[in-house]
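Participant: Sequence:
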Amino acid sequence: MKKCLIVVNTDKAPSEMLGIEVANFLKERGVDYEFLDFNGAGQDCDWKACDFAVTLGGDGTVLFAARGAAKFSVPVFPVNLGEFGFIAGVQPDEWQESLELFLAGKMKTVRRTMLCAEVFREGKPAARYEALNDIVVSAKSAAQTISMDISVNGAPLGHFKADGAIVSSPTGSTAYSASAGGPIVGPDLDALVLTPLNSFSLSARPIVFSTKAVLSAQIIPSRNRDAILTVDGQKPVDLKDNDIIHIKKSEHDAILAGTSVEKFYNALRNKLNWSGGPNGGSNA
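So for the sequence shown, our numbering puts the first residue at 1; every next one is plus one.
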């Protein structure tokens, strides 16, 4: 590990100061580093030039780093300065000990399934995106619906009239998909989750697919119903009538340090109050 990219979330007050501490820590151990200020938007970066990245922020900062680093198999060491920490598993009071273990090759990394979305317009590829959490096709404006024909591996699944649909990875199953009524999926499971958003049909339920599946959504023309594509909650991209979006497992996995299955379930209990009982698990 010779070079590190330190991703500093400029919206998190402690991030900049902690970034200086991390830089000094790395310098003492002979590791070169560069800073990248992250402000919530996509930014260009030469990910292949670094051996690993340290993110200082919340899960959104990890999502940003994962989208850039996965293509080059660059591991991400995520320090949690956010609220939930489902992905950012290293807590601020343990980063030095954990980073020491990571640099010594004694910290296990995990691979997380990522998603790939390809937009086809008039039969030709128009754009390609990758996501760690989710890919959402939805109406551009609130309180509006869009119509889509959704298929799986070319087999028609149905005609959906809804606010939209979410396709999430297991990692993203605790995010937007969960708030829309989708299932929570263990992060070590290879799966794709399709969750309709406020469908007009009560029979439109969330479905879990194998990662061998390719989900396709075609935008059906309708009056004053513009559609958008949103990747990991980033700035939405306009879609056009008859666009077809193919969503499948990416050929790249995110590599995360300090983010074990045990920490995921701890976050599930502590952050989402997953209790197993009416009194938060208490016998009182």
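A hint or two may mislead.
To be verified - Here are the computed lysine-lysine pairs in the PhoX-like style, where the Cα-Cα straight-line distance is at most 25 angstroms:
id, residue 1, residue 2
1, 12, 249
2, 249, 71
3, 271, 12
The set of hints was computed from the structure by calculation and includes no laboratory data.
Participant: Taking the hints in turn, state whether each one holds.
Facilitator: Taking the hints in turn, this is what the structure says about them:
For the given pair, residue 12 sits about 32 angstroms from residue 249 by alpha-carbon distance, which is inconsistent with the 25 angstroms threshold. With a C-alpha separation of about 13 angstroms, the suggested pair residue 249 and residue 71 falls inside the 25 angstroms cut-off, and the hint holds. Only pairs whose Cα atoms come within 25 angstroms are accepted, and residue 271 paired with residue 12 is accepted, the gap being roughly 19 angstroms.
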